[in-house]
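Residue numbers (my numbering), protein chains in the order written: chain A, 75 to 359; chain B, 166 to 491.
In case anyone wonders, no lab produced these hints; they're calculated from the structure.
Treat the hints loosely; a few may be bogus.
[To be verified] Restraint ranges, calculated between C-beta atoms of paired labels, are given here: (1) A:L185 x B:P323: 47 to 55 Å; (2) B:G271 x A:L185: 33 to 41 Å; (3) A:I342 x B:L245: 30 to 38 Å; (4) B:L257 x A:Q163: 28 to 36 Å; (5) B:N300 x A:G191: 15 to 23 Å; (6) B:N300 x A:G286: 22 to 30 Å; (7) B:S193 x A:G220: 51 to 59 Å.
[Unchecked claim] Which stretches of chain A does chain B cover? Using the computed rule of at least three CB atoms under 8 Å from a CB of chain B, they are: (8) 155 to 167; (9) 170 to 176; (10) 180 to 192; (11) 296 to 307; (12) 342 to 350.
The C-beta atom is built at its ideal place from N, Cα and C for all residues, glycine as well.
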Amino acid sequence: MNVYLLQIINGLGIGMLYFLLAVGLSIVFGLLRFVNFAHGAFYLLGAYFCFQALAWGLNFWVALAVVPVIVGLLGWLAERILLRHVYDQPHEFHILITVGLALVLQEAVILVWGPLGDNVATPAGLQGVVMWGGFIYPKYRLFLIGFTAVFALVLWWVLEGTRLGSAVRAGSESTEMVSLLGINVFRVFSLVFALGAATAALAGVLAAPVRGVDPFMALEALGIAFVIVVVGGMGSFGGALVGGLLIGVVQSVMSTLWPEGARLMIYIAMAAVLLLRPHGLLGRG
Amino acid sequence: MDWLARHLTLLLAAAVTLALPLVMTSGSLATEVLIYALAVLGCNLLLGYTGLLSFGQGIFFGIGSYAAGILLTRTGLPLLPTLLLTIVAGALVAAAVGWFAIRQRGAYFVMLTLAFAQMFYFLAYSLPDWTGGDNGLLDIPRPAPSLLGLTLMPLDSPWQFYGFVAICFLLVFWLLQRVTDSVFGRTLLAIRENEARAMAVGYNTRLFKLAVFALSGAVTALAGAFHALMTGIAPLSNIEYHASEMILVMTVIGGTGNLFASLLGAAFYVLMADWLSALWPRWLLLLGMLLIAVSLFMHKGLWGLGVRLWQALRRDGAARAEGAES
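Start from the sequences and build out the full structure, keeping to the hints where you can.
In structure tokens form, the structure reads like this:
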């Protein structure tokens, strides 16, 4: 029993990271109707920039603050220079151009840092475990849950309580209506795309001490983000949260029951949700 | 003349399969071109003719490799029944995946196919007794095809195997040409252009999509089986995301909606990969840039580029002829 409780809490930790990974993808799709296949590549950049910052002797906290901003800027540039030109094309070209971008970024990472992975040290102060009665839990994972929960609240406030947020939500309903109201939709698009890239990078920075870095982590992340968005419902903040937590817990619990099949179970869970609720748990029909 | 126009793409494909042995020195590289061209035909059927972008073609390619490998190493079944069963397996798996995936449209559909690709990858990974796991399925034999106890042709050398694959390729090409020219094929085009309207006219579009998915899976599985026969192994990489991505990229670079474009895309990719990867291991960077360029500037791929050049040349020629007359 205790083992399962621990695995469920472990799963919540992973799940919050998964939420962070998926929420940017989901918001970008909600507003731009654009599936960003380069989302995993921004996560990859986040992890590697963190690795590089630590290698330069910088503090983990500096990396946590600065890396998402840099990657967000890169995302902003990519949207400005490339993606903007295919918005009015059929969706296969949205996918192709971001697949191309993802390839370029992944190969660039291999070019700079080599094809082999590396470890990233857990930040000082968060090493070791906390003991709480009979309960033992790694400090860093506890921090992960707390930090992402706070970040989720802030993000929720940005989406629900600010002018940008209302433009984003209204834009998801009708882009034309929003531009008729005198809001520069293209500027909102760029900002949201940059925000999506920045959240992916933040997930990358936070994941680096847990799993290390390797050039192929982008694909793994992309697959999981897709599953979460399909499970939770596209374009839904709550969906990303519920989907992320559910997938995290499924993976974590299954890894004690059937370690080789834990990854497989994520996708089986997805198929099951899809059978019961084709538009996802919180998706609108 | 009419006959010629109707069969132009088939004749072009036949010409390419005949020309490859003349211009290429490596039989296995030439075979690889045709194997991937087969897989690309399957992808083109979905993307070009039905408007379904599938990131899961690697599933069927991998299933084909594994099915052929398992049947040949464990049952000792002859080659032709093995290939037949492999095709059936591909169609069944594709129908199952399709049944889930076509419940969604557009971007959702694409994400689902990718998620299924990952699912089958982890499935193959977690069943090492069947698939060999990380090592792949090894020592797959390549028996000669026989019919009623009669050996049809030996497959020992790479060029002999090329001949066998070329015959099968042209057969499939001809078959798919018939399919796309049929009422079924026209209905698929109608679904691609406007699904709501096709439904309103009374077509059960889901059934059509399911059927084309199964057909695509069958063709792609055959390609996977040939790949396993050629290399003697069915590796995990045949069912990986990268197999799906590669097949899709070849399809798009070649151009969609024309069957010969598929051969063009596969040949371009395989030969470029062979040449560039020897020069620069990070050549995929260039491929990524090419993909970006295709999405920005040449939506019809290499085939569309060729058609445009041809039309420009003809117009140029016609203008010159006119100028000479006046």
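Going down the list of hints, with the structure as the test:
Checked against the hint of 47 to 55 Å, the C-beta distance between A:L185 and B:P323 comes to roughly 34 Å, which is inconsistent with it. Remark: the range hint 33 to 41 Å for B:G271 to A:L185 is upheld by a beta-carbon distance near 34 Å. Judged by the Cβ atoms, the range 30 to 38 Å given for A:I342 and B:L245 holds: they are separated by roughly 35 Å. Distance hint check: the CB atoms of B:L257 and A:Q163 are about 35 Å apart, consistent with the given range 28 to 36 Å.
Distance hint check for B:N300 and A:G191: the Cβ-Cβ separation is about 21 Å, which falls inside the suggested range of 15 to 23 Å. The hinted range of 22 to 30 Å is satisfied by B:N300 and A:G286, whose Cβ atoms lie roughly 24 Å apart. Between B:S193 and A:G220 the beta carbons are some 56 Å apart, a value that agrees with the proposed interval 51 to 59 Å. Residues of the segment 155 to 167 of chain A with a Cβ under 8 Å from some Cβ of chain B number 7, which satisfies the need for three, so the listed coverage holds.
For the segment 170 to 176 of chain A, the assignment as covered by chain B holds, since 6 residues bring a beta-carbon within under 8 Å of that chain's beta-carbons and 3 suffice. Look at the segment 180 to 192 of chain A against chain B: 5 of its residues bring a Cβ nearer than 8 Å to a Cβ of that chain, three or more, so the hint holds. Closer than 8 Å: that is the beta-carbon criterion, and the segment 296 to 307 of chain A has 6 residues meeting it against chain B, so the requirement of 3 holds. Using a Cβ-Cβ cut-off of 8 Å, 5 residues of the segment 342 to 350 of chain A lie near chain B, which meets the minimum of three, so the contact claim holds.
Figure legend: structure checked against the earlier numbered hints; the only hint not met is number 1.
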